[in-house]
Amino acid sequence: MRRRVASGQCNAVAGAPSDMVIYITCMLLSISASDDLPIYRQIMRQIMDAIAGGRLARGEQLSSHRELSEQLVIAPLTVKKAYDELEALGYITSQRGRGTFVSDTLPKAAQGVQAEQLGELARKLLSQAYLSGMRLAEVMQLLRQADRSLTTGSDVASRTRRKTAI
Amino acid sequence: MKPVIMFRDVVRSYDGGKPVLDGVTFSMQSEEVVGLLGRNGSGKTTLMRIAMGMLFPHKGSVELFGLSPTEHPVEVKKRIGFVAADQELPMFWSVGELIALHRKLFAKWDAAMEKQLLERFALPLNTRLNKLSTGQRRQAALLCAVCHRPELLLLDEPAAGLDPVVRREFLETSIQLLNREGTAILFSSHQMADVERLGGRVLLLDGGRIRLDRDLVTLREQLCVAVITRAAVADMAALERAPGVLRVRTMHDKVHAVIDGNPDSVKRLLAEHLGVRDAEVKRVGLEDLFIEMLGGERLESAA
Chain A
23 MRRRVASGQC NAVAGAPSDM VIYITCMLLS ISASDDLPIY RQIMRQIMDA
73 IAGGRLARGE QLSSHRELSE QLVIAPLTVK KAYDELEALG YITSQRGRGT
123 FVSDTLPKAA QGVQAEQLGE LARKLLSQAY LSGMRLAEVM QLLRQADRSL
173 TTGSDVASRT RRKTAI
Chain B
1064 MKPVIMFRDV VRSYDGGKPV LDGVTFSMQS EEVVGLLGRN GSGKTTLMRI
1114 AMGMLFPHKG SVELFGLSPT EHPVEVKKRI GFVAADQELP MFWSVGELIA
1164 LHRKLFAKWD AAMEKQLLER FALPLNTRLN KLSTGQRRQA ALLCAVCHRP
1214 ELLLLDEPAA GLDPVVRREF LETSIQLLNR EGTAILFSSH QMADVERLGG
1264 RVLLLDGGRI RLDRDLVTLR EQLCVAVITR AAVADMAALE RAPGVLRVRT
1314 MHDKVHAVID GNPDSVKRLL AEHLGVRDAE VKRVGLEDLF IEMLGGERLE
1364 SAA
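If you read the sequences in order, they're chains A and B.
Each number in the numbering used here corresponds to the 1-based position in the first sequence with 22 added.
Each number in the numbering used here corresponds to the 1-based position in the second sequence with 1063 added.
I should point out that these hints are in silico values taken from the structure, not numbers from a laboratory.
Heads up, some of the hints might be wrong.
[As the list claims (entries may be wrong)] Straight-line distance between alpha carbons at most 25 Å, and here's what the computed DSS-like set of lysine-lysine pairs gives:
1. Lys1140(B) - Lys1167(B)
2. Lys1081(B) - Lys1065(B)
3. Lys1317(B) - Lys1345(B)
4. Lys146(A) - Lys1345(B)
5. Lys1330(B) - Lys146(A)
6. Lys1171(B) - Lys1065(B)
Nothing here was measured: the structure is a model prediction, and the numbers come from that model.
Here chain A stands alone, though its shape is the one from the complex (with noise of 0.2 Å):
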């Protein structure tokens, strides 16, 4: 039976990535044709959620270019172009010969975004919700959603725990 690997534990393997590494990059991302985002931001965010929400842990292995294409039926230059832009931003790093990894040392951004620009969306998001009727309670109700949302993979993981008991 398949299972994930390990929170921190790096699955570096020289050579292709186990079936374990390209099951679990897959089950981490839900791509949709006909979304709003192009099929290379869905993958960026999902995975970028993914690393903020523990389910994918620093040194963890991504599947390649050609499995994650093959798995999720899209071009492979269109995973590439995720992973560039994934590693531009320090997300991951890829090492020749060896394969693709979350950073161990991420951005500055993802460790921890100035409290003045939180701040400043938290006064943004109550606005919003004061205005459309909502009161403190229920914004707190979404927010505990929302975190829910990136430390599970919502419905991505529910996805997957019916998968993974077949």
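Chain A is fixed; fit chain B onto it per the hints.
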């Protein structure tokens, strides 16, 4: 390295009528994916048939791998796979007979790929093609088109009339070829979701010419649609001439303009060149962009 496809100023009409292709120029490199989009009757099938050597261009020149497809049909066809929605197949042959013919014709036939695709498609080898569903016939054609590991795959609306399962199998097979063989793919489709998945470059064919030739990411991220109240556009001609404006059309009491740039730069352009400050500017998906580029006008008086 020679381009896989090179069209130079290609003109083609039927029975002396208005040209269906009227000066088409484009090229494709190996391992490139190009999606050919256009309304019905825009010349997509004519372009594919000229590339296959099934039709002569009336003017201009066509080369595949540096060779004319009409002067060197065998050499060119050996390196191409072709599937079309209206493809003619020998309907009284069985699936097995059709595959056996292709196996004999192509020295590079990949028996392992044949086996894999036969299993995936679950095609009945002894059944005649006229007894198969449209989807099964298209699967048989796809198998014959790809098992000689072509350098170029031409797919003319391969998904037309197919259910989502068969459509997905076409995509999976195309992507497998892209990954494993580096096959260049030129495909036409009305399925924008398929175009998004195959990625690459998009050619928009309209009025016999290529109106737009951009990669998909650029189309999605560096083009915007501006919706402006008609009364706010004092000079329509100035809007049409403004830098980066690709198309302007009127929809009831609004003017829609497709413009190069991001929302901020487009808003600046509209304000500086035309004095328009209340435009709604947004990036749009491929389907909306297709409609904005090729859709007709709806004038208030006609509504």
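So, going through the hints one by one against the coordinates:
no. : hint                    : verdict
1   : Lys1140(B) - Lys1167(B) : holds (14 Å)
2   : Lys1081(B) - Lys1065(B) : violated (32 Å)
3   : Lys1317(B) - Lys1345(B) : holds (15 Å)
4   : Lys146(A) - Lys1345(B)  : holds (22 Å)
5   : Lys1330(B) - Lys146(A)  : holds (24 Å)
6   : Lys1171(B) - Lys1065(B) : holds (21 Å)
Violation of the numbered hints given earlier is confined to hint 2; every other hint is satisfied by the structure.
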